[in-house]
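Protein chains in written order, with numbering that gives the first Met the number 0: chain A, 0 to 233; chain B, 0 to 249; chain C, 0 to 274.
Simulated from the structure, these hints should not be mistaken for lab results.
Be aware that a few hints might be false.
Only part of the chain C face toward chain A is listed, based on derived beta-carbon distances under 10 angstroms [to be verified]: (1) 37; (2) 71; (3) 73; (4) 175; (5) 199; (6) 202.
In this text the structure is predicted, and so the values were computed from the model without any measurement.
Cβ atoms here follow ideal geometry from the backbone N, Cα and C, with glycine treated the same way.
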Amino acid sequence: MTELGRAAAAALDLILSGDAELAGIVGLSLQVSLSAVLIAALVAMPAGALLAVLRFPGRGLLVVLLNALMGLPPVVVGLLVYLALSRAGPLGSWGLLFTPTAMIVAQAILVTPIIAALTRQTVADLQEEYREQLASLGVRPLAAVPALLWDARFSLLTALLAGLGRAVAEVGAVIIVGGNIAGVTRVMTTAIALETSKGDLPLALGLGMVLVALAVAINATAFGAQGLLRRVQG
Amino acid sequence: MFLARLVAATAPDEPLLPLSVENLTFEAGGTRLLDNVSLTLGQGMRTVVMGPNGAGKSLLLRLCHGLLRPTRGRVRWALDDGEAVRRRQAFVFQRPVLLRRSTLANVTFALAHAGVTLRCRRDRAMEALERVGLGHLAGRPARLLSGGEQQRVALARAWAIRPDVLFLDEATANLDPSATRTIEGIVQAMHEAGVKIVLTTHDLGQARRLADEIVFLHKGRLVEHRPAAAFFERPRSEQARAFLDGRLME
Amino acid sequence: MIARRALLGALLAASLALPAAAAGKFITVASTTSTENSGLFKALLPAFEQKTEIEVRVVAVGTGQAIKLAQNGDADVLLVHHKPSEEAFVAEGYGVERREVMYNDYVLVGPGDDPAGIAGMTDAAAAMARLAAAGEPFASRGDDSGTHKREQALWKEAGVDLEQAGDWYRETGSGMGATLNTASGMNAYALTDRGTWLSFKNRGELEILVEGDAQLFNQYGVILVSPERFPHVRKDEGQAFIDWLLGEDGQRAIAAYRLEGEQAFFPNAARKPAS
Chain A
0 MTELGRAAAA
10 ALDLILSGDA
20 ELAGIVGLSL
30 QVSLSAVLIA
40 ALVAMPAGAL
50 LAVLRFPGRG
60 LLVVLLNALM
70 GLPPVVVGLL
80 VYLALSRAGP
90 LGSWGLLFTP
100 TAMIVAQAIL
110 VTPIIAALTR
120 QTVADLQEEY
130 REQLASLGVR
140 PLAAVPALLW
150 DARFSLLTAL
160 LAGLGRAVAE
170 VGAVIIVGGN
180 IAGVTRVMTT
190 AIALETSKGD
200 LPLALGLGMV
210 LVALAVAINA
220 TAFGAQGLLR
230 RVQG
Chain B
0 MFLARLVAAT
10 APDEPLLPLS
20 VENLTFEAGG
30 TRLLDNVSLT
40 LGQGMRTVVM
50 GPNGAGKSLL
60 LRLCHGLLRP
70 TRGRVRWALD
80 DGEAVRRRQA
90 FVFQRPVLLR
100 RSTLANVTFA
110 LAHAGVTLRC
120 RRDRAMEALE
130 RVGLGHLAGR
140 PARLLSGGEQ
150 QRVALARAWA
160 IRPDVLFLDE
170 ATANLDPSAT
180 RTIEGIVQAM
190 HEAGVKIVLT
200 THDLGQARRL
210 ADEIVFLHKG
220 RLVEHRPAAA
230 FFERPRSEQA
240 RAFLDGRLME
Chain C
0 MIARRALLGA
10 LLAASLALPA
20 AAAGKFITVA
30 STTSTENSGL
40 FKALLPAFEQ
50 KTEIEVRVVA
60 VGTGQAIKLA
70 QNGDADVLLV
80 HHKPSEEAFV
90 AEGYGVERRE
100 VMYNDYVLVG
110 PGDDPAGIAG
120 MTDAAAAMAR
130 LAAAGEPFAS
140 RGDDSGTHKR
150 EQALWKEAGV
160 DLEQAGDWYR
170 ETGSGMGATL
180 NTASGMNAYA
190 LTDRGTWLSF
200 KNRGELEILV
210 EGDAQLFNQY
220 GVILVSPERF
230 PHVRKDEGQA
240 FIDWLLGEDG
250 QRAIAAYRLE
260 GEQAFFPNAA
270 RKPAS
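If we strip away everything but chain A, and leave its shape as in the complex, we get (with noise of 0.2 angstroms):
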């Protein structure tokens, strides 16, 4: 059999066999991203959009920096986020070191970029269409902001999508911040950088593809869901 054969028997054993241990990693990654993204997006989504109605100086650098953090390497983020919650670092006393709130924050920190800058141009474009209806009404651009956000929802499903997707992948920021312990804050990435460093390269493969499944099963409901809401609402 060839290495591909069996990373796929060995993902195929893995989630047929329920293993718990499994599910446990394929939970955490889920809880950590999910909570990461949803942080993530309460401070993004309006900043970005923000970012998209207001005119002030040294707004163009604000988008060519923000666009720019898209590219955040993980490791920099993870080494950034132990520095502050390391015992000797200015954070130290509060023990959030090597626990999923940890991960958490760095990979709230980690998306915040993409969920601004995806929001900041969908909500660039709405306005361009709505601007003069909106100015017509009264409203200001600020005051324009949650409605554009709101209208702005199926199109913002892809921005949480995109954060969701990084989030999940990345390994460089938990595995600085999480440590890979076993049972507290082993992830879906860390376990495959295990795997690959204990040269078990059909299961590393096996638990990506398992992770693989999981990204499209969840793209796959939100595609589902989006066209749906958009045949319903219009």
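Chain A is already provided as a structure; the job is to place chains B and C on it using the hints.
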């Protein structure tokens, strides 16, 4: 600020009209699109702005409504309170921009931003929707309505805020004859309710049906401003004659 | 609208309801990939956790990084394998005392056809010198880990100046497993601890070529991070773990652990108590 809005919205006694346009000029990208236009629009009459493509009809409406700033000249209303002036006008665009929410919510949204208290919004919105014959579609997502229905929602939204002046920019250009007649009926009803109507149209028939007076523009200049009957019977300018004969399309 | 808000609230609540594990007693142990990857902890910890109800959370990184973590106060116990660094750690006041726990050994692995001809040699330094002379590819950790430090000491003893090394010397800058993956991929020689090697599955053409030299002895030490320096250190729980490791139960468990049918670690706590 909020109080000022309330006062503006609840004290519509001082007249908004007449509207005086003085030496209005608008340039974009080095091209003069509206050239030194001066005119006065009074209460009561339905004004139809006509002219071939590129005459500056939409531009004139947008400048009057305050969506654009003139390069030179000014737009002056009888009332000197900028906030109140804006609140007492409504604008219906060629393509209605409706929000992704219910028909009713589209109207209450406008009312909320016009400073109408939460308690009054729903009733006023329903009343406006009934007037345009869409009461039964209040709960429907607005974006799923037909083109004609969407334009009627836009009219209900305009009507609900009880404006003194309603601008319509080619409001029926994308609609079929039946939908167009419905819209014209609503415009007529608003006129009878005392709303000053200012509209642009390409449709000569519509102009004849609705106009009390005609503002005829050509290449950014005001060519004629006369009672409709006189304009249609004896146009003074060569451009207007050519336009009415269908010889002047640009 | 209300349903939507409720959903959002529920999501938020769910996200904040983090695993309750943090509520129980636990310690954080900074250790090396070799102990984690070999599966030793997985075999040892349940017995200890069952006896004491103290959860042991192992953060497995290179020795250099593990020491750095402990120096920042981010671990309660340090379990690594580089004696000079461990002694410096204690001397600088970061740790209470260094105790020896167990040992295993390093092995030199390389392609089975052995183009450098070092198979069966018993002098590790001499084998390294021959490797350098042959210019056959060698994959080094290059990550300041215990294994990397030992490798550098061997090169020094062999009289090989790495500054002058040609492109046969490849630093991967990563962990033992990743380095072995690299070595396996390009049929390079590498120095590895026996534990990682035994558990490593992607060997390809690689096999053990040199072993048994005293120079390849690999001693593990355990240190309680100083509670004086870091008041948050879980002193009692950490000490309980160390006592257990060094005591009869722990030592017997280490000796009993088998990896691919072979003993991977040899307990030696009693033989050589720390000064």
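Here is how each hint holds up against the structure:
no.: 1; hint: 37; result: holds, 9 angstroms
no.: 2; hint: 71; result: holds, 4 angstroms
no.: 3; hint: 73; result: holds, 5 angstroms
no.: 4; hint: 175; result: holds, 7 angstroms
no.: 5; hint: 199; result: holds, 4 angstroms
no.: 6; hint: 202; result: holds, 7 angstroms
Checked against the numbered hints given earlier, this structure breaks none of them.
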